[in-house]
Every structure is written in C-alpha cells, then in structure tokens.
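Start from chain S and add chain U according to the hints.
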Amino acid sequence: MEDQLREKAKELLEGGEIKVVIGYGWNNRKTRITPVFITKAEDVDKLVFNALCVNNLSIYLTRKYKDIQAMGKPAIVAKGCDIKNIVVCISEGQVERDNVHIIGMTCSGVVYKQELWQGELKDNIMPSKCHNCDVRNPHITDSVIGDPVDFTPPEEPAGMLFDKIREFDSKPASDRWEFWNEHFTRCVKCYACRQVCTLCYCERCITDKNQPQWIETSAHPRGNMAWNLIRAQHLAGRCTQCGECERACPVNIPLNMVNSKLALTVKESFGYRAGYDTEEHPPMIVYKPEDEEDFIR
Amino acid sequence: MALILNKTGLDRLIHFLGNDGYNFAAPVMDGGKVRYKHVELVEEVETDYVIPANSAKEFFFPQTETIAEIEIGKTNVELTPVEPNAPRTVIFGVRPCDAVSFASLRAVFTWDFIDESYTKRADNGVIISIACTQGDDSCFCTSVGLTPDATEGSDILLRETDKDDYIIEAVTERGKELVDTYKELFIEADHKAKPIFSPAIPGEIDLEKVAAKLATTDHYGDPIWPELTRKCVGCGACTFSCPTCHCFDITDEGTAFHSERKKNWDACQIDNFTLHASGHNPRDTQAKRWRNRFMCKFHIYQTKWDQKGCVGCGRCIRVCPVRLDITEVMEEFSK
Chain S
329 MEDQLREKAK ELLEGGEIKV VIGYGWNNRK TRITPVFITK AEDVDKLVFN
379 ALCVNNLSIY LTRKYKDIQA MGKPAIVAKG CDIKNIVVCI SEGQVERDNV
429 HIIGMTCSGV VYKQELWQGE LKDNIMPSKC HNCDVRNPHI TDSVIGDPVD
479 FTPPEEPAGM LFDKIREFDS KPASDRWEFW NEHFTRCVKC YACRQVCTLC
529 YCERCITDKN QPQWIETSAH PRGNMAWNLI RAQHLAGRCT QCGECERACP
579 VNIPLNMVNS KLALTVKESF GYRAGYDTEE HPPMIVYKPE DEEDFIR
Chain U
98 MALILNKTGL DRLIHFLGND GYNFAAPVMD GGKVRYKHVE LVEEVETDYV
148 IPANSAKEFF FPQTETIAEI EIGKTNVELT PVEPNAPRTV IFGVRPCDAV
198 SFASLRAVFT WDFIDESYTK RADNGVIISI ACTQGDDSCF CTSVGLTPDA
248 TEGSDILLRE TDKDDYIIEA VTERGKELVD TYKELFIEAD HKAKPIFSPA
298 IPGEIDLEKV AAKLATTDHY GDPIWPELTR KCVGCGACTF SCPTCHCFDI
348 TDEGTAFHSE RKKNWDACQI DNFTLHASGH NPRDTQAKRW RNRFMCKFHI
398 YQTKWDQKGC VGCGRCIRVC PVRLDITEVM EEFSK
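Just so you know, the protein sequences line up as chains S and U, in that order. For the record, in the first sequence the residue sitting at position 90 is 418 according to my numbering, with numbers rising by one throughout. For the record, in the second sequence the residue sitting at position 116 is 213 according to my numbering, with numbers rising by one throughout.
Same shape as in the complex, but just chain S (with noise of 0.2 Å):
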C-alpha cells in the first residue's frame, strides 16, 4: 500500500500540477507518526501509511495555513473519515474541490490514541467513527490507494462513545449537568480542540472577539463552558465525529461525546448526515423561504 501510495505521489509531483503532497510520515526516532508535507519527487518514500495515522490532515487546506497555500495546488492523503471534513469544507466554500486532489487511502481502521498502540489493531483502541465507519473505501476521491475493504458498519452506531451517550440520556439533567461541568472544570483553554478541527476554519474566533468580550476567556468553570458549548453549537450539522478535538485535549475531556449527540439529533430532525455530499449545505447554515416550520418564518 505504501509503495503504491509513494508511486502516486512521485506521479503527481512530477507531473507539475501538484506542488505538495499533505501526507503521513514517521517522527526522527521512527516511533510515531506526525504529518509531513513532500514537495520533492525524490522525497516521498518519506510518505507511510498504517493504523497509527489517526490526525486527520484535511485541516492543512483550510485558509488558516497561507505558507501551505502559497506552495501551489495539494493533494492529500486522506481515509474517508477525513474527505468527510474535506466536503464540508467543499461544501461551504472553503475549499475548492478542483484545487485539490484527494488520494483516498482504504482504511481498516486506526487507534485512537498513538500511545495507544501496542503493534495490534484491536477493537478497544479504535475510536468509535471505525467501528462505525462506511467509508472504509473512500468517498470521493481523485485516486484511491490500496485494496477495497470489505465491511459493513452496524445499522444503529455502536461502539461505547453510542453507548455511553445512550445511557447518559437516560439521566436526570441535574446528572448531565454535573457530568459536564466536572469535565469542562478541568479545560485550560488552550484551544487545541479548535486548532485541530478543520470546521473550525475562523480566523478570528467568536471567543477571540473582546469589543465585547462575548465568552469569558478566563478558565472558570463559566468561561469554560460557555466555550465549550459555543463550540459545539457551532459544529451542530457540521461535524463529522472525525475525533481529532478529543485526541488533542490534553484533559482528555469526551467532546467527542458531545459532537456526536449533536450530529445524531441532526440526523433525527433534518436527515441529514455531514461530509457525504459537496453540494448541500448543513441544515443549520441553510435558511429557505418555503421551510415548513412555523418558527423560523
């Protein structure tokens, strides 16, 4: 798979029309994987591909990283969880889907967390989106790299992220409410979830904005979350429950947690499901005049 995908790059590269390649490749100590960014033919034996590839790259596209765009147009190496976020990204503008091209990489899943690899992929190290995941054989892609994956996710989400979010709406709200101020207590508000999400394609964020200060931006439970919530509202719709702000908080607060709740009652109440289409737009972002619902006219 690595040698094909090494093959691809080399190809594109020496064509002349990609100028980068946005792919996976080892730490100097060959102990972790860390993104690297190949711009030479000669380098991409540099690029890997295994199960500890978890980051989600697609945030390198978005806007925020000018020196990136500068280099000319990308491809990126991206499982299908990750060309989820690249659609939306399509789909509201932020990324233009003939300025990039996609090297889908089938995918039997990866660990949650790298320290977490113990050279097996086993069921209790992944995260819930590969258990769930119908995207294995990527989307929507220009290439695709290795062999078709045959699985097919449960009907219902499973794993213990669903689980868990079904037994924690069985609670009482005082439950809930103590549950999450317990977790967001502990958020230092190093922003790590923002920076790692690729929806999170602001430049100047709703909690950066002080003329006025519309959240706290102390770490009290209150600052804490009013920003966490914020956050989340504005990824209802729009999240694809790729996991990456979870991975990054360095408190190991369960946003994912949240994000797919958001995501579920979303599917509930529009039917809809984020980074499966580069046309529509999320339901939240969308206002019709013919909308049936009385509240919104």
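Just so you know, these hints were derived from the structure itself, not from any lab. Be aware that a few hints might be false.
Unchecked claim - Taking lysine-lysine pairs in the DSBU-like style, the calculated list, with each CA pair at most 35 Å apart, reads:
1. Lys450(S) <-> Lys358(S)
2. Lys130(U) <-> Lys589(S)
3. Lys537(S) <-> Lys595(S)
4. Lys134(U) <-> Lys499(S)
As the list claims (entries may be wrong) - Every beta carbon over 10 Å from chain S, so not counted as near; a handful from chain U, in silico:
5. Ile101
6. Leu114
7. Glu180
8. Trp208
9. Thr248
10. His377
Cβ atoms here follow ideal geometry from the backbone N, Cα and C, with glycine treated the same way.
Just chain U now, with coordinates in the frame of chain S:
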C-alpha cells in the same frame, strides 16, 4: 540506616499538615490522567506514574486569578486590588524536572517587577519531589543537563525503595524544618533505593551549539523554521502544560457596573498573542511564533535570567496533537 516515609507516615503527614493549616497537593488520577491536585486522603495519592499531565506551576501561578475589583459609578471608577491568596502549600510527588522550573519562574516574576502573586505563594510552598524510577519516550531531562534525581528546586527529595516506601533527603532549610517538625511520622530503616530511570537521549543534542546559533538573529529568515514547524496547529497545549511558560493576559470580566480584572495564562503559540491594536502582528506566521517559543527556552531564559528555559519534562511532546517534537528541533540546531 535511612529516614523513611511509608504509606502510614504519609497518611498521618497529610492529616498533620492539614491540621497545621497547610494545603496538600499530590499526583491524583483525574479524568483519566494523573494530575497534580489538592488532596485530602492518602488513598487519592497516585504513586505509579511517569509524570503528571499538568505542571506544578499552577499552585503558585494559577491559570486564572482575580487581581482587582472594579466598581463603575456614574461619575467615578473605583479599582480595588485583590491580595493574592497564598496558603502554605506542600506539593508532594513533584518530579525533579518540575522542581527545577520554580527557579526559572521566580526569575521571571522578580525580574523588573516583583510579582507578589507569584512570590507570596511560592514563598509559602514546600516542594517534596520523588526521583524518577520510570519514564517514557518523551522524557529528555538528561539532554538539558539535568538528572531524574536532581535536587535543585526541591525542599525534600524522596527516593522510592524496594519496600514500597521512600528514603527522605532534606535538601533545603525549609525541607529540614518540615522533617524535624514531623519526625515522629518517619521511621529509620535500611531499605534500598530503586534504580533511577534514565531517559534515552534522543539524538545529538548540544545545548551550547543551540545557544550559539540563537545568539544572533541570522537564523530569523532560515527556511528551516517554516519547514520544521509547518505542521504546528497553533494551539496552546504545549505552553499551558509547560512548567516554565509564564505568559499571561489581563482581561476585565463582568458588567458595565462591576467587573473583575483577571490575570489568565496566555500562549505565544496562539495567533493573536502579539496582535497589536493597530492590526499589525509582528509574529504573523506560525513559524515565527514557534521560533519565539524555542528562543525563549534556549536563548532568552539563559541570557536574561541565567536559568533553565526547558527542564526536559517532555509534556509539550506528549500533548502535541501533531507530534511536533522539540527535541527534533534541538537536534537540528545542534548540527
């Protein structure tokens, strides 16, 4: 024979210190990670850990604190400074690298202005460290001239023994005083200290070469900076978990009539950290922001304060969502 602190002794020490008006903090399991936190019971204290996820700085330099109260009337504004609360605090189970960082923080907070909200708390602190008998592949204290059993910054250094207790070494006067005060809680025994963990030195790191290269501004335009740091996502996870990062922001919170002036941690890796009111941003790319952080650790701390800017705790490597490894940058600048 050595003076030994065992679990019973620690249990009683926590109670005695509590009765004598001390706050007690130690590594505990919190939200799936071991963190330094206030502790009341010995059962909460975690003993099997590499290093807590947070640094111990937050007990002397809290992430958020109120430094003034502001009342705004029709014709007048009243600003009342808030004195820092500085309880006597014992921090137990500090890793030696973290202990070293307190001298670095003190140098910053007493440099051109005595920041009493730091000094008052730190002056009331007692640091009880435990030498490392375990580590991971992010530890690199030996690459910055320290050892896993360094005593600098600790008032008392403990060494784990093969009998599941600790050999006590009082390092400072303050440490000796504490040991003397509570000496009936300790026992004399001939237990053997466990071997110390030694981090694998990542690669060729030469701090003098790094410092020499950073001494001039010749490297400012070096394409190595964008190359090495292109993947940085610009979050504050590294700075907020760093024991020597000390930057803060002042912000007012409240209503038009009453507000609190807050002093909050800030991070040089976040894009608006240096954004001027004019709209100009002198560090307008992530490469420049990363360069600044690296220079702070390996040039500014040394030349301005003659202190360690990096203690090799490895937290910035562990928390980085894209595994931007500071030791790889150190290697590059050691060439």
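So, going through the hints one by one against the coordinates:
no. : hint                    : result
1   : Lys450(S) <-> Lys358(S) : holds, 21 Å
2   : Lys130(U) <-> Lys589(S) : holds, 24 Å
3   : Lys537(S) <-> Lys595(S) : holds, 31 Å
4   : Lys134(U) <-> Lys499(S) : holds, 29 Å
5   : Ile101                  : holds, 34 Å
6   : Leu114                  : holds, 25 Å
7   : Glu180                  : holds, 19 Å
8   : Trp208                  : holds, 25 Å
9   : Thr248                  : holds, 29 Å
10  : His377                  : holds, 15 Å
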